[in-house]
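Novice: The primary structure of each chain is shown beneath.
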Amino acid sequence: MSTQQSGRGQTTVVTEPILVEEEFDTVDMNINVGPQHPATHGVFRMVLTIDGEMVKDVESYIGYLHRGAEKLSENLDYRGALGFQDRTDYLAAMNCEWAYVNAVEKLAGIEVPERVEYLRLMLAELNRILSHFMFMGAFGTDVGFFGTAFTWAFKERERIQDLFESISGDRMMYNYYRVGGMAWEPPETFVADTRWVLGEVEKGISDIEELMKDNEVMIARCRDVGTLSAQDAINFGVTGPMLRASGVPYDLRVDEPYSIYDRFEWEIPVGEHGDAYDRMLVRLEEMKQSWKIVHQALDQFPTSGPIEAENLPRALRPEPGEIYWRQENPRGEYGIYLVSDGTIQPWRMKVRSPCFHNLSSLRHQTIGSYLADAVVALGSIDIVLGEVDR
Amino acid sequence: MTTQDVPNLAIPTNGREREEPPPGSIADLFREALPALDFLTERTKLDTAMIVRQQDLHTVIATGLRNPDLELTFLRNMTAVDWEENGLEIVYHLYSMRHHQGVALKAMLDAEAPHAESVSDLFMGAIWMEREAREMFGIEFEGLVDARNLLLDEDIDIHPLLKSHPLAEIEKPQGAAVADFTKAYPPPVREDVVAAQAAAAAAPDPAADRKSVDEMTPEELAERTERHTERVRDGRELAAARRAQGPATPMKDRSGDAPPAPPTADTLAAPAAEPAAAAAPARPAAPAAAIGIGEGSLTDEEKAERVRAGRELAAARRAELAKERGE
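Residue numbers (numbering that gives the first Met the number 0), protein chains in the order written: chain R, 0 to 389; chain V, 0 to 326.
Hints in this document: simulated from the structure, not taken from any laboratory.
The C-beta atom is built at its ideal place from N, Cα and C for all residues, glycine as well.
Some hints here could point you the wrong way.
With the C-beta cut set under 7 Å, the calculated list includes, among others, these residues of chain R facing chain V [stated by the list, open to error]:
id, residue
1, G62
2, Y63
3, K105
4, A107
5, I233
6, F235
7, I322
8, R351
9, H356
Can you build the whole structure from these sequences, using the hints too?
Specialist: Following this line, the structure appears as structure tokens:
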């Protein structure tokens, strides 16, 4: 028996543990997490086999959100299938739309005006900031400071969403990109609004950085959690900030350059250890880089000009052929595999969703870690189940 | 749809001419690495495509992974294309992060029983990709350790991305599975629910002669407005009456009470079971038959007996341990 002073000046009696740990025969237990569970970020289910607190095996169950977007797209025309792209990665809808219209345009040989490229790029990069804000909020909750991170990040996210709403008319499912251009002109106040949002977001990013970067809780919970070596990450097909956190400077905006990214000065942030903390840091730095890109793009943005390619065909019939178009989404390589048979419908449409591949590495990351760390590892993947299940 | 036939190799081309890639493409590196390999090349919009035989797929992918000039370490995408009567085509997109080069590797699969060798021994990420291709297209992968459905329901056996699978009938097998389940585990029949459903079916549909606002005459509109106004007024009166009654269970005014005494070491150390049991209101005993086995069916004496036995066991264990420690 020993006594110790508790905070209120009262004496609490602490009984020494009577049974030593070796006395217990431990049994493997199965713990079911999800599909409705706040730590799974959507409808994702994992069955953990644990021995005490140690994770021995993880079984992932996905598909709760499978809507057959590929099959449905194959039964619509090229333009009609665009709506599904908002609903795959619904936190980065602009990026997904962009990837899809780019794939169709490259397949059909359509060139878009420069102004459209600028607009598309700015919206996609703003959406990257939005998506990473969302990650910061949700990840802060996973790690253990509920509230602050969530509300701070969502405040900034909402600003960008308001801007998107003023342009597209919708809060999340924008459907603003079109094959060959954009749906309509952005409002006249677009440049001024975006500048204001950028100013606010800059403050938001530095707030979040102060909150997350040197936070003791964050470091204690995330260092060396969910570690993936560079080799394993590539072998799993992991892409995006997760791969860069493992030390591989692979970013499609630079490695297979598309659009007009070569006109701006920015860097690829790369991590060292491949753990949850580095993933958070990489995303944090990426927000700043995207901020820089949008800022430069705004300066160069042509204020007038066509918003649509000329001589667009009424019915889109690309020549028979195929394309695997890929782009850097906030979560990694987002690919659209399109096979055309010369009709108005794609013969095959496949979405390569980064989260699907990133999530497949969860088992590898978590076996041998503590149960509480499995939640942090899952949170650091930043999954969007709409995109995993398609 | 036409097929360009080359000895032992065939690929549906949809009537297009197969365009050769420019010299110096990644196909030349494969030619050096695997001189005996027989394959076709095609230039697609972005990547160089190689068409190989189905049985060569694993060799080619393993060579691409291990050859230092190729180092195709990143399997970025894997899928299949259903060419209906011309068979199933499997497509791998591989990329080398060191050499910044990629290739699309294709093969036509056996039309009768589409199968391919699994590459999950080379790529850990291939397990999920192959599981998806298996359920969506019915391709069997030899050597795939986990052949369960991934995105579809666990016991559903359909291949929705095949062109032969109609879009609308996807509900049918799912409905059949539900019917099987219901047959095996029939839900209990509740007489009152059945009676209520029958009564509801027999009663005239109140919505049948309901008119929309646009169809109403001015008199009907006025009557409707009156009815609504009355209903609102009734609700307000009811709410006012409830408010006048005051809260349902008025809270006891505890402002004059003395603060509870802080716990001392003695009160904390002492077993709190007896005073707590005395203070807690007696729970109404549930009928044993309704609960069956479990805590609820134990009498108070039995419970006390169990607690006493547990304490004795713990004390014995404690003494045993103390003895082992040499105390």
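Novice: Compare the structure with each hint and give your call.
Specialist: Verification of the supplied hints:
The beta carbon of G62 (chain R) comes within 4 Å of a beta carbon in chain V, closer than 7 Å, and the hint placing it at the interface holds. The interface hint given for Y63 (chain R) is violated, since its Cβ lies 9 Å from the closest Cβ of chain V, which is over the 7 Å cut-off. Interface hint at K105 (chain R): satisfied, since its Cβ lies 6 Å from the closest Cβ of chain V, which is below the 7 Å cut-off. Residue-level restraint check for A107 (chain R) is violated (minimum Cβ-Cβ distance to chain V is 10 Å; threshold 7 Å).
A distance limit of 7 Å between C-beta atoms decides the matter here; for I233 (chain R) the minimum to chain V is near 5 Å, and the interface restraint holds. The beta carbon of F235 (chain R) is positioned within 7 Å of a beta carbon in chain V (closest approach about 4 Å), and the interface hint is therefore held. Here the hint on I322 (chain R) is kept, as its CB sits about 4 Å from the closest CB of chain V, short of 7 Å. Taken as an interface hint, R351 (chain R) checks out: its beta carbon lies about 4 Å from the nearest beta carbon of chain V, inside 7 Å.
Given the 7 Å rule on beta carbons, the hint for H356 (chain R) holds: about 5 Å separates it from the nearest Cβ of chain V.
Of the numbered hints listed earlier, those contradicted by the structure are 2 and 4.
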